[in-house]
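So the sequences go chain by chain: R and E. Note that my numbering numbers the first sequence so that position 60 is 60, with each residue one more than the last. With positions in the second sequence counted from 1, the corresponding number in my numbering is that position plus 113.
FYI, nobody ran anything at the bench for these hints, they're computed from the structure. Possibly wrong hints are sitting among the right ones.
[Stated by the list, open to error] Capping the alpha-carbon separation at 16 Å, the derived lysine to aspartate or glutamate pairs in EDC-like fashion look like this:
no., chain 1, residue 1, chain 2, residue 2
1, E, K124, E, D199
2, R, K105, R, E3
3, R, K2, R, D27
4, E, K157, R, E5
5, E, K196, E, D176
6, E, K157, R, D78
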Amino acid sequence: QKEVEQNSGPLSVPEGAIASLNCTYSDRGSQSFFWYRQYSGKSPELIMFIYSNGDKEDGRFTAQLNKASQYVSLLIRDSQPSDSATYLCAVNTQREAGTALIFGKGTTLSVSS
Amino acid sequence: EAGVAQSPRYKIIEKRQSVAFWCNPISGHATLYWYQQILGQGPKLLIQFQNNGVVDDSQLPKDRFSAERLKGVDSTLKIQPAKLEDSAVYLCASSLKFAPSASPLHFGNGTRLTVT
Numbered sequence: 001q002k003e004v005e006q007n008s009g010p011l012s013v014p015e016g017a018i019a020s021l022n023c024t025y026s027d028r029g030s031q032s033f034f035w036y037r038q039y040s041g042k043s044p045e046l047i048m049f050i051y052s053n054g055d056k057e058d059g060r061f062t063a064q065l066n067k068a069s070q071y072v073s074l075l076i077r078d079s080q081p082s083d084s085a086t087y088l089c090a091v092n093t094q095r096e097a098g099t100a101l102i103f104g105k106g107t108t109l110s111v112s113s
Numbered sequence: 114e115a116g117v118a119q120s121p122r123y124k125i126i127e128k129r130q131s132v133a134f135w136c137n138p139i140s141g142h143a144t145l146y147w148y149q150q151i152l153g154q155g156p157k158l159l160i161q162f163q164n165n166g167v168v169d170d171s172q173l174p175k176d177r178f179s180a181e182r183l184k185g186v187d188s189t190l191k192i193q194p195a196k197l198e199d200s201a202v203y204l205c206a207s208s209l210k211f212a213p214s215a216s217p218l219h220f221g222n223g224t225r226l227t228v229t
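Model the full assembly from the supplied sequences, consistent with the hints where possible.
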């Protein structure tokens with residue numbers, strides 16, 4: 001089982017719709033969860049982080065965490081063409097010498113105008 | 114606040130040659146990471162330093178890759194000898210805190226390596 005799994009997509013949504021991106025992880029002890037956005041040819045940039053079960057909202061973005069199901073998601077409301085990018089889920093995962101931030105493969109989102 | 118600095122931005126080498134990448138993290142950031150990102154995939158952690166000590170290098174191909182972080186600041190990643198499959202973007206990142214409540218990573222612009 002991979003440590004952090006995401007559907008690679010592409011996920012296509014029309015402008016103004018809600019985009020839903022999902023991620024599952026294997027380490028039950030994980031405490032910190034991050035969503036990064038990566039435009040083609042650019043480095044990842046942080047969108048949101050969440051530590052507690054439930055929802056966390058920031059503008060058009062909502063992160064949802066369910067530790068019992070080992071599931072984290074990102075909702076993008078009122079999707080814009082500028083949201084078209086690859087979204088990376090990252091989870092703090094236990095290692096022998098400490099914890100390390102492990103990324104999923106990313107989901108490509110395409111928002112059409 | 115200055116960001117994470119990496120050099121070079123691009124590098125083209127032939128297989129079996131050696132190459133080195135340099136990273137300067139954000140001032141005061143204790144944790145430094147090297148990730149390898151192959152086209153179409155997510156970043157894969159190669160090595161993580163806490164100050165100048167190694168936290169995790171389980172995914173580092175130690176027969177050809179090496180990394181060091183001198184005095185807990187700058188870091189270099191070396192590949193010797195390079196293989197075709199090493200073609201990727203090498204991302205350096207830093208964060209202020211260490212786990213368990215890890216603080217977000219700040220990435221540099223990366224070094225795009227092409228091995229021919």
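- Task: Report the numbers of all earlier hints that the structure fails to satisfy, in ascending order.
- Result: Of the numbered hints given earlier, the structure breaks just one, which is hint 6.
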